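Here the protein sequences come in this chain order: A and B.
Sequential numbering from 1 applies to the first sequence in our numbering.
Sequential numbering from 1 applies to the second sequence in our numbering.
It is worth saying that the hints were derived from the structure and are not from the lab.
Straight line, CA to CA, 35 Å or less: simulated DSBU-like cross-link-like pairs of lysine-lysine:
hint, chain 1, residue 1, chain 2, residue 2
1, B, K322, A, K408
2, B, K157, A, K501
3, A, K367, A, K821
4, B, K320, A, K408
5, B, K256, A, K408
6, B, K157, A, K737
7, B, K261, A, K408
8, B, K181, A, K737
9, A, K408, B, K35
10, A, K610, B, K157
These figures come from a predicted structure and were not determined experimentally.
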Amino acid sequence: MGAKRKAFFRVGGLFPGAALVALVAAWPGEALAQRSGDLVKPPKPDETPAPAPPRIELPTLQKDEGAVYPAAALKKRGREAVRVVLILDLDAAGAVAKAAVETPAGDGFDEAALEAGRKLVFTPAKRDGKPIPARIKHVYTFPAQPGRIVGAVASASRGALAGVPVRLEGAGVTKQVVTAADGTFDPGDLPAGSYTIVVEGKGFVPYRSQKDIAPGERLELTLNLEPVVLVGAPPPPDTVTGPVVEVTVQGQKPPREVTKRTFERRELSRIPGTNGDALRAIQNFPGVARPPGLAGLLIVRGSAPNETNIFVDGTLVPLVYHFGGLSSVVPTEMLEKIDFYPGNFSSQYGRVVGGIVDVGLRDPKPKLHGLAQVDLIDARVLAEGPVFSTGWKFALAGRRSYVDVWLKPVLDAAGAGVTTAPVYYDYQAILQRDIGKNQSLRFAFFGSDDRLELLVKGVNASNPGIGGNLSFGTAFYRFQGRYTNKVSDGTELRVVAAGGKDAIAFQLGDNYFTLTSTPFTLRTEVSQKLGQGVRMNLGMDWLWTPYEIALRLPPLPRPGEPPGAPFGGRPPLQLTETGTIYAPALYDELEITPWRGARFVTGLRVDYTKSTQRWDVSPRFVARQDLTPSPRRTTLKGGVGVFQQPPQPQDTAARFGVPGLSSNRAIHYSLGVERELTKHVEVSLEGFYRDLDNLVVQRVGNVGTGRAAGLETLIRYKPDDRFFGFFAYTLSRSVRKDGPNEEERIFPFDQTHILTALGSYRLGDGWEFGARYRLISGSLRTPQLYGFYDLNVGAYLPLQGYPPNSERNPLFHQLDIRLDKTWYLKNGAKLGFYVDILNVYNQANSEGVTYNYNSTLSTQTNSLPILPSIGLRGEL
Amino acid sequence: MKAPRCGRSLGLVLAASALASAFACGGQGFDSISKVDSVRLFAARADKPYARPGEVVTLDVLAYDGRPNPTRPMRHYFLPFTCVNPPADAYYGCFSPSVAASPDGGAFGGASSGGAGAGAAGGFLGGIPDGTDLTPILVQGTRYSYRVPEGAVIARKETPDEPYGLTIVFTVACAGRVVFKRPDLATRQQVPLACVDEDGVPVSSKDYVLGIHRTYVYDKKRNENPTITGLTYEGAPVDPNVGIVVDRCSLTNRMKCPETKVGTVVPEASWEVQEGVVGTNGETSREQIWVDYYSTLGEIDGARLLYDVGSGAVPDSEAKLKGSAESGLGTLFAVVHDNRGGVAWTRVPITVK
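Extracted from the complex, chain A is given alone in its bound form (with noise of 0.2 Å):
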């Protein structure tokens, strides 16, 4: 950043002072040569022959160290050359003696240039062979500062792109370069300025981004190109306009759903109150109601938990939460995205009835990495690279809780003999390779275990069968494979085949359950062009299971009906079986794009259930119409489509449930629209109703009915250099019916209002700050009342409210915030910390009621109190 310099030469004797004087009247005038070489220049000849004037030797500049360029103005004068014209008094022997300013430039250039003036040395001017003082003029002169873009072009499924164009146009400039051997790109320097960056990879959807750089800024992105699988004209250049982050873009297609929400991992990683994890992050997402304390239910749109699925790159898995909510089983460093479907989803989805998750694992990065993070839950270690020079990468990642270290110490002064404190693991392994240009395989072994056991000493007076020996368990995991190939322009094979084991026991006294299954899924679609505008996705869903249950536990009351008696009052149910859940499905998509901006998917899937041995067929349609193109996009979408969900296991048994059954079904309907405000803001706005029946109502058959309704409000910021955030708001009522006797009742999961506002601000020099405010409708509860006593137990059983769920808790409120701070080291390595606190002004948010012995009495039980939560994070 050094300053160019220019000198202008006036020579004279500084001593006396009346040699100066004559020097300066011989060569007036302000410039006399460009440069030093130039500068002795014959005195104009004279009319009158005049005696034979000195000899005249201009200093000549041997060293100059440069000026740089003063940081602190960059920013405001980055962008134009500033010129600095220095007076220099030289002495007899060439050196600086004196340096003044001779027009101020301001903003620190001024300081600059004189501490570089300073420094200059000069051959000393002479006069017929003698050397002199001196004065000249000598200039810096600061050139405008340019920028740097680089970074580097990679997909999911094929890794980093090599030969991949990248044009950067703006500030009068346009550059193009071709990514290299491992997707990296670097244009040179630029001018300041904003910039469109336009990819264009053979075979995928066209990224364009608009950037802007400020003098001396380097933006490094890495870009992730999504496969094109739309058939006939391709998207519009102006189609994909996701914002360029810190790490990740995900390239983006109009959905095949009506709504299909990303985040990107730094919203997923950076919202306040999660800790962190992406996973928990979804509860914030619109029409998801919040769940109770830190439990990880997913409710959505007034759907029960066990309604939405959740999937790893397309295969099912039997939780996404250690301990059910504490953490989730794979960590936000191994997610790529975080794709979420509340209603209406693609006929590639099934099973279920309310939504789905579907997180996808990244690839490996080309390059070695490595992180370690620590925080009060848990620890954990990622590790990334290519392996040797195969073209294969790596990753292999692991976690471990230690709330044992400090939960076992709780429970024992509880009371509790604690044998195994709770504790958990997840580990995640990656394989991954392209195969060409065309093809990715990748392999993956990812799962999680956790576990507890202890001896409750203690009887609960409301329940004292609670007691005794009690142990939990749950593990599960999957071996992955995965490939890709673009067979052609218009062709596409994916390929998702996973096996693994799923376990889970549960002991309670002489009560227990266990089951192990070992579940094994194939999706496998091929995406075909079939004309221009048309392209069919022909897909399979096969789900086989073989599973193995042994239980000895009280019957579960029907709903509505109270417990016959506190636990192990009743006789128990007993029963060791093996069996196998099949479940194929074939599904049908077709993607017609009638006319620009229109698109509509119609789809229709069918799948077959062994338990129930019914096919049930489910067509689904979706429409989406752009009323304006982008930047300021506003699109009408909408949906209606048939999903059914089969009865569960114990539902169908001959022993516990009703044989015969067939599955639940939602009609789902929505209606919405969204709306490009800004370059980054986004307004959409959702209005959706489920008309549910056919329901199981255990013990009883398919007798419920249901209907949920709702309003989704997302107006989004999405992430730019500074900022993301979102402001979301739900208006949702949802009801069932357990028969068409029976009176309509408040689903428990129903919360009218949802309100999350969150965001963060990057506040530079590696500080972050984020915060999110909730205000969300209190949860259900039936009120109990003074019943009776079991004399069998010792223990006074309530009366259940009727009708049930006829309170609400208080309205929930409660703010969170969380301040990131990375250090950038050396040679890429970064150090973060991290506080995350939760319940900032510690609001005592009502999660229901407890009740003294006899249910006469009742007291408010709060949620959590503020709660700091801190981690540390080093990457190299």
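Fit chain B to the known structure of chain A by using the hints.
Just chain B, lined up with the frame of chain A:
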């Protein structure tokens, strides 16, 4: 179809509820169930916790009037019939004549002995107007006998390998008159009785308790009531005649008052094998046994586990006892339960000095 997530959610719910119940309750500033200051039922002991068809079962009820200043005497009554195999084993099915026979084939009826009649309670009470005084037809006292019907054991869909029968007896401890109260929607699960004063006004919850006792009937299975060989106080045996003497603990000094320990001695012979119950480790399970404490003076832990189904005798199973703020003489009850309906109790004087 998903993997059987029912199990997962069930397990989670049970584990969570177990943990929550074990560690979250009992606080909130409420009086413990062990503090006796009202009309109370503590337990009912059937001489045959598991009965056989045709046998006579005798129930003894431990009822106590702990009210400091009673205005009306407490009396204990049995409803004069035994409910046998109500639909879905639900106690409230005993009072619903309109309820159809359950898929299990449940039906009301049976023979009785010692009490009044036995049979379908719903039919028995079906025509009675609300507010009818039932006191004249109730069986007063704390002992009640009935004969189990010969056909009480029936096959159940849910437990086909182990048919059983269920008999239910209803009791009430009431400081007033017992009247019929037809349940409404809000109290549809309630036993249709109410305790009222002389003016027919329902008394407070401190003046009455409704009780339900179930005896399961098997063709072969047996269960014996546990036995109590004595209590201990601070590790030493308690003389039943002298009882426990504890220092007074003033309200202002409660945190500093020493906690003493009370134990109940139940011999290992009471820790019976549960026939046909095999734990997850493949071993035959034994009973779970716990003790409930009730005291008219002082503060004592409500209940403690004595025997676990797998690991047996629980160490450190004594309950903590503190003296009350007022000195005086009271009674401490220890009621031992096993998880198959077996019950035993003992009582000793407690003196706060």
